[in-house]
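Student: Read top to bottom, the protein sequences are chains A and B.
Following our numbering, the numbering of the first sequence begins with 20 at its first residue and continues without gaps.
Following our numbering, the numbering of the second sequence begins with -9 at its first residue and continues without gaps.
Hints were generated in silico from the structure; no laboratory data involved.
You may find that some hints are simply not true.
Lysine-lysine pairs mimicking DSBU-like chemistry, simulated, CA-CA at most 35 Å apart [as the list claims (entries may be wrong)]:
no.	chain 1	residue 1	chain 2	residue 2
1	A	LYS277	B	LYS318
2	B	LYS353	A	LYS206
3	B	LYS387	B	LYS208
4	A	LYS202	B	LYS275
5	B	LYS325	B	LYS270
6	B	LYS353	A	LYS202
7	A	LYS248	B	LYS318
8	B	LYS208	B	LYS275
9	B	LYS318	B	LYS282
10	B	LYS189	A	LYS202
11	B	LYS352	B	LYS208
12	A	LYS248	B	LYS89
13	A	LYS202	B	LYS370
14	A	LYS27	A	LYS89
15	B	LYS352	B	LYS387
16	B	LYS370	B	LYS208
17	A	LYS27	A	LYS84
18	B	LYS275	B	LYS387
19	B	LYS282	A	LYS202
20	A	LYS248	B	LYS282
Chain by chain, the residues:
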Amino acid sequence: MGASNEAKIGGREFASIFMIVVGMKLSDITVTILYESGETAGWMIPLISLAFILIPYTLLMSVMKRWSGKGLPEVLFQVGGKFGGTLICLAFFAGALLMTAVTSRGYVDIINVMVYQQSPLYVLYFMLMGAASYVAHRGFEAIARISWVLIFLVEAALVLLVAIMWRDVDWLRLNPWAGPGIKEIVKTGFVHSAMFAEIMLASVFIPRLDSLRTFRLALRVGFTVSGLKIAFFMAVYTAVFDYPEVVHIAYPFQQLTKNATFGTVFTHAESFFIGFWLVISVMYFGAYVYLLAYLFGQALRTDRYRKLCLPMGGLAFLIGLIPANTEQVRSYWEMLIYNSTILYFVLPAVIWLLDWIWRRRHAKA
Amino acid sequence: MRRLKFLLALPLLFAAGCWDQLELEEQAFVVVVGLDKGPNNTVEVTFQIANPQIGSSDIGTADNEPPSDTIRFTAADILSAKELANSVVTRTINFAHLKTIIIHEGLARSEQFPHVMGAAVRDPEMRREVVLIVSREKAYDFIQKNRPRLETRPHKYYELMQRRWQETGYVPYSTLSHYLQSQVIDAMFLAIYATADEKHGRASRSADDYLAGEVPKKSGDPVQMMGAAVIESGRMVGTLTGQQMRWTQVLRHKSSVSSFITSFTDPLDAEAMVTVRLFKDGEPKIDMNLRKDPPHIRVSLKLRAQILSFTSLQPYATDFNKQRLLEKHLVEEIKNELTEVIRLSQKKFRGDPFEWQLIARKKFMTLPAYHAYNWPNHFKRAHVDVDVNLRFENFGKQRTPYIETGSGAP
């Protein structure tokens, strides 16, 4: 199918895509929502969620291992037949589409509230998704290459931000360490495990890498680094703003950049960080739009999925305009994450079952 | 086709400047905002707007213009006053360089205050790092009277004063961010206390036992910043003198002040004073036993001292017996000061200005357990022990005094 005619990409490029795409969650509404139920222990939740998502991931990988070198859609069509393959592909697609729409709306809200208050929302949204669609249209290889170029700059900027805010950090504010209680944290971690859903969606791209081994190594590096990064930043937000206040602040990352200063002369450091963040978010949604186009193309079994990039960007844009205000975006996001968690736990099980049935039938024959 | 696509995309580049563009020439940068209580639940908002031409090479065209302009408006909140200001000011009011907010004590003590501040922080232009100063008189009068002679530009004045505060520890490091944080946790917030009114002047032997307005001085700038306004749940409840403020900073587990100069009575001469520079040797160790009721708190403080001057002219530097005597005396004095501040906060303010709630929080595993314990209630009744470990580091660059009194021994 289409995937195999495109150029292969290296493991480090692949890992850096996920370091950026997943690591971006430290700067959006994900973190504030986790604080609401995680309280002072909010920073542990990303790590717990990551641990939980590894269960369906391992299940999925046990299937993928048997079909070495094939991507998720190819395997689905093999084991599920035409109907089952299309259906499961579309289920993944629907989950990813809604996630892209709600997340991108969250980003536009941040830009609108923190930077351009007078600009109409739809114009900002249109420009973000337009740029993202353009990035997606350049193809997966381009996205991978940009990520590899940017990754060191991104990490350096984050280190710089923490370094200049170090004076305001007081780790005692992370106490009481268990927040609302261990049971509550584990529960919250579980229901939010879909925040790392990309680990499942990534298996679409297996044929783009040299081997399954490289793929799994790259994912392991990408997700470990991102998970730790999100947890560390959530700990820093709490240590700087203190617990109840961190929930009151709408966007802790942007607030942290606003508080940062380089010495006494350059006091408005946020312009540096926000500009940087905007570039990365275009990349982030570029990767997402590409994934949507690819998944949908595969569901329809067409090779010309790149033509779908622009429509997919447009679709996410239109869905993203539905929530009326920033607080509704949060509640939609919360709802979506709950339901996606179910989706990403059920689908791998279904795939595993289909694979098992397929194997039994073929062993008999 | 390619070219057509390009041409269609080109106008997008210019769309960026349509709504949120800022013309630098048309901005009026507010550097200080003053807040007073107005009639009918309104606030009187004073803006001090900087004149960017003063202090720059462009001064030639602004020969007769003052360095700043001050205007007051009465409005429902700060943001509507900002909009209202443009009925008078020719340029767009911009808070991007706002660094200081002055609040009249009357407003700070009223119920309205937390509402005014909580509403103001929603504006992205209002930075959480803005410094809060509570003034004894009306904020408008404070800003009007504050005409520093050596600093023409107002923003520079506050910037430099802030750095001196961190050195001396007479006043707390108080930002809007801390103010908002302290409303939702079990700690009290301390704001800088200041005045431009000098008529309260009185002289005290101890160098720092003053509130703003009491510092005995002649001429110079009228503004004094001394002591702290104690704020509980967003409202002012009392004041701490400069001296009490310093000891409060010493008792905090993490403070911006690491050393300061202060004086004590001389153990060998009732008339004389000993002036020392004290260093915090590491952060204080605070142990709590919350199982007991009332809870038991033990504070161990390590201090280093440089003896700078003693008017008794006793040979403290060379006589080890006298040195020990002085050491014991200073430890006693410091303990008294610390106990006094703790007692004051427990009995008078009935709250915790030392941020000890952070340490109390460590004793609990979950937040519900901590909330159930009710720290402020227990703090008021807590039994606090202070333990001071003082070490003399040096005695200045002079070893023996000029007059050997000799007979001063007890």
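Student: Tell me, in ascending order, the numbers of any earlier hints that this structure violates.
Tutor: As far as the earlier hints go, 1, 7, 8, 10, 11, 15, 16, 20 are violated by this structure, in ascending order.
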